[in-house]
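Using the sequences provided together with the hints, build the complete structure.
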Amino acid sequence: MSIDYIRNFCIIAHIDHGKSTLADRMLELTNTISSRDLVDQVLDDMDLERERGITIKSHAIQMKYRANSGDMYTFNLIDTPGHVDFSFEVFRSLAACEGALLVVDAAQGIEAQTLSNLYLAIENDLHIIPVINKIDLPSAEIDSVKNQIIQVIGCAEDEIYLVSAKKGRGIKNIMEVIVEQIPPPTGLADNPAQALIFDSVFDPYRGVITYIRIFEGKFNKNDAIKFFQSSKQFEVDEIGILKLKRHPVDSLQAGEVGYLISGAKDVHETKVGDTITLVKNTADKPLLKYKEIHPMVFSGIYPINSDDFEHLRESLDKLYLNDSSLVFEPETSQALGFGFRCGFLGLLHMEIIQERLEREYKISIINTLPNVVYRVHLNNGDIFEIDNPTKLPPPGKINYIEEPYINAQIITPADYIGNIMKLSRDRRGVFVNTQYLDTSRVDMNFKFPLSEVIFDFFDKLKSLSRGYASLDYEMDEYQRSNLVKIDILINGEIIDALSIIAHKDKAYEWGNRLCRKLKELIPRQMFEVALQAAIGSKVIARTNVKALRKNVTAKCYGGDITRKRKLLEKQKEGKKRMKKLGSVEIPQEAFLALLSMDTDN
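If you want the numbering used here, it's the position in the sequence shown, counting the first as 1, plus 1103.
Simulated crosslink set (BS3-like; lysine-lysine; CA at most 30 Å straight-line):
1. 1335 <-> 1346
2. 1563 <-> 1607
3. 1270 <-> 1565
4. 1348 <-> 1329
5. 1525 <-> 1607
Listed next, with one range per pair, are the computed distances between beta-carbon atoms:
6. 1486 <-> 1242: 51 to 61 Å
7. 1327 <-> 1516: 53 to 63 Å
8. 1384 <-> 1262: 41 to 51 Å
9. 1665 <-> 1441: 51 to 61 Å
10. 1454 <-> 1414: 12 to 22 Å
11. 1413 <-> 1672: 47 to 57 Å
12. 1106 <-> 1441: 50 to 60 Å
13. 1106 <-> 1325: 19 to 29 Å
14. 1559 <-> 1254: 24 to 34 Å
15. 1645 <-> 1481: 28 to 38 Å
16. 1611 <-> 1271: 51 to 61 Å
17. 1539 <-> 1642: 48 to 58 Å
No lab work stands behind these hints, which were simulated from the structure alone.
Note that the structure is predicted; figures quoted are calculated from it, not measured.
All C-beta atoms in this analysis are idealised placements derived from N, C-alpha and C, irrespective of residue type, glycine included.
Following this line, the structure appears as structure tokens:
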């Protein structure tokens, strides 16, 4: 097929604005999927995606479409996630496309992640086609949403297209617009071969399966290929196109999207964003279309059964193949044993990884309290970064600590401005500015410490705005803060997995709350258990878990009181010995409860 009849595009939008449903209707219209196989959100094939109703992974699929002109076109569609935590997935997908459908909900209007994804698409020089979805809803405000899009993109009103993905209205028109407006890919089949890896999956029988977009040249079955980043060489076992299942072909050439199986078994050899070329006709340089992503939230992951450590390592290795934004390295904890320190893009990303480990790899794990990367300046002039509170040096050696700040964009109905301003003050936020998108919706910008946002900020924002506010954020810079490490002591022993770093003004509040929460969760022992929160050697909060007390005098029926006293004294001595020798087991619920602790209580 001529390269002029290929269209590579993606669908971008805020979460729950109808990306996956629009993709379903396109697949239905082009008869790519039979009516027997057609289900809602057909591209969201993970159980977690269906349960939560969100797209987590990018999905690519090829369709054949006969235009009104009679010509047959090949559409390569990449469905992308909408949640802020998975913006890296969106970025990877955009690099493989020439155009994008920007979908906006007719009832909700432009939201924070809509703007974020739009700016990503503009950075990649994609042709933008604005689409208003859900026009059949009773609450749809089509004219208002049109005005918002015109203000943001600067397009004409007749360049905005109306659809109802659920009912299939306007889909045929969108297909014609894709043919007319999205440019065909460039590249020549005779040039040195270059293919970009935009995603990959691990198959236990075939090894690494890479999803590629070919920019130059041609790849055939049995060709000798080379990965730029690792310089490893392999042979092409299978190459093909992506429909609902993989379809092998003899070759793929410039402009096409497909998959490649090379027999690579090591997940670190085929990194997403790397370039593949041929050994015989090697390209001069890789395709530099990807930016490096850095984790924003760190947490320890430990197996409940210490024998599962190697199984956990293998599972994380396989997850890393599907999700190159996951970072992990081994670490040890006195309380939890051997595990891994993992870096995530946000709390939802952390939740998804945790659930995938438990479901797909059948491994039971404990997560420690999440925290961010702090920059520590020592008195001797040294500077280093820490992602774990236990690595923080003693207070006497520290000159000052810096913490990461983010630029947060909150789009909300104007009625909730007061609530959001109060929430931002509670979370040490700095107000930057407000812009009115129309008469009823505002775009508010703040600077927040990242550590104040990673816990339950998004949940609070949604509840304060009755679900209407949306949040997007990006890293800003490090700023100096008055931070301290809070240690939790159980019976005088520091439990390193429960240590946190907090702002000094909130330290006493945090200490009290942690102790109260642990008191509810730690089961009562045969001896009294002391729970303490301390900054250095100074205890700032304390509570006790009362001892279970056996009634040793139950068998005494009257008689001399000294007999009862003797039994009680004996019990008291026994409890003293138990307190010295006894150990307290911390249940998994204690770690999980701290993740969901109400920080604004």
